[in-house]
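2 protein chains.
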Amino acid sequence: MTNFGEQNLVDGNKDYAAAFTQGDLALPPSQKYAILTCMDARIDPAAAFGIPLGAAHVIRNAGASTRDAFRSLIISQQLLGTTEVLVVKHTGCGMLTFDDETAKSLVAKTRGKEAAAEVEHIDFLTFPDLEKAVLEDVEWLKEKAVEKDVLVSGWIYEVETGKARKIVG
Amino acid sequence: MTNFGEQNLVDGNKDYAAAFTQGDLALPPSQKYAILTCMDARIDPAAAFGIPLGAAHVIRNAGASTRDAFRSLIISQQLLGTTEVLVVKHTGCGMLTFDDETAKSLVAKTRGKEAAAEVEHIDFLTFPDLEKAVLEDVEWLKEKAVEKDVLVSGWIYEVETGKARKIVG
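Respectively, the protein sequence lines represent chains A and B. In terms of our numbering, the first sequence is residues 423 to 591. In terms of our numbering, the second sequence is residues 423 to 591.
Be a bit skeptical, because a hint or two may be false.
Partial selection, computed: residues in chain A whose CB lies under 7 Å from chain B [as the list claims (entries may be wrong)]:
id, residue
1, A477
2, A484
3, L508
4, R533
No farther apart than 20 Å at their CA atoms in a straight line, the calculated lysine to aspartate or glutamate pairs in the EDC-like style are these [to be verified]:
id, chain 1, residue 1, chain 2, residue 2
5, B, K585, A, E428
6, B, K554, B, D521
7, A, K588, B, E542
8, A, K564, B, E542
9, B, K588, A, E542
10, A, K588, B, E428
11, B, K585, A, D545
None of these hints come from the bench; they were simulated from the model. Backbone N, C-alpha and C fix where the C-beta goes; we use that ideal spot for every residue, glycine too.
Start from the sequences, fold in the hints, and give me the full structure.
Here is the structure:
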């Protein structure tokens, strides 16, 4: 089995480091914002969302869940001074294709009892409706007292066209 | 206040979508791997780690925590077929600079009681030693039964030089 990940990193990083000139960027994001998007392989946030290096935190998880990202968002805002969050979900998301029961049965069947116990209490945070999920996730975040002074918006990125459109905020 | 996030996304996405030609990529990562790295603004995973569009899941949170990413990692592996995970932490990480007590006091002081209650039970998953944190996070993941057939490695990316080096795996 080829380990593409390690191979790509070693080869790609050699070229990247050789041409690297931005070693003096500061820790806090220079443009004071964060983007929360999905881990989906078809999304390249820096390119698709126009993020300059050093400008913004980029948080990614399965489905771009605000609940799952809450720890990171608090750190981004309270410790590192960001004041704007863009929540970007996308068409064709894997989280539209299964539910907790499917995931848990699959793990039990293919990995056995011990693995099943490890995932038993996990909420996989799947959703059946994309646009509704954007609205709900943004709403969930905006209701938090700790988010009072943060500007939150919700977006959908189309993996078929490369276009992003605003849903709310 | 300028909302750089929205402005960058709208402007940058216009150009990206106009030149976009990869609308037919499949949902499962074509090279069957996932990269877990930090949300830090100075990291551009696609460029620095040589990830082709559609090839790999990219999960990002504060500190590249495997515990925090567990839900996403299970989905990546059990539902979408990835078999390799690279955990990439980095020099100059914000998670080296504070602890739970600092974060919680700060929230209480600047956002008030209601906000303090919201973060009271959060483990911010900070760490005092970078290399040790890579080793511990990789170990934590490898001990899970659900990870039995997954190849896990640990790396450190240097934000000062653009270089990544392997620590374990």
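Practice problem: Against the structure, test the hints numbered earlier, and report the numbers of the ones violated in rising order. | Solution: 7, 9, 11
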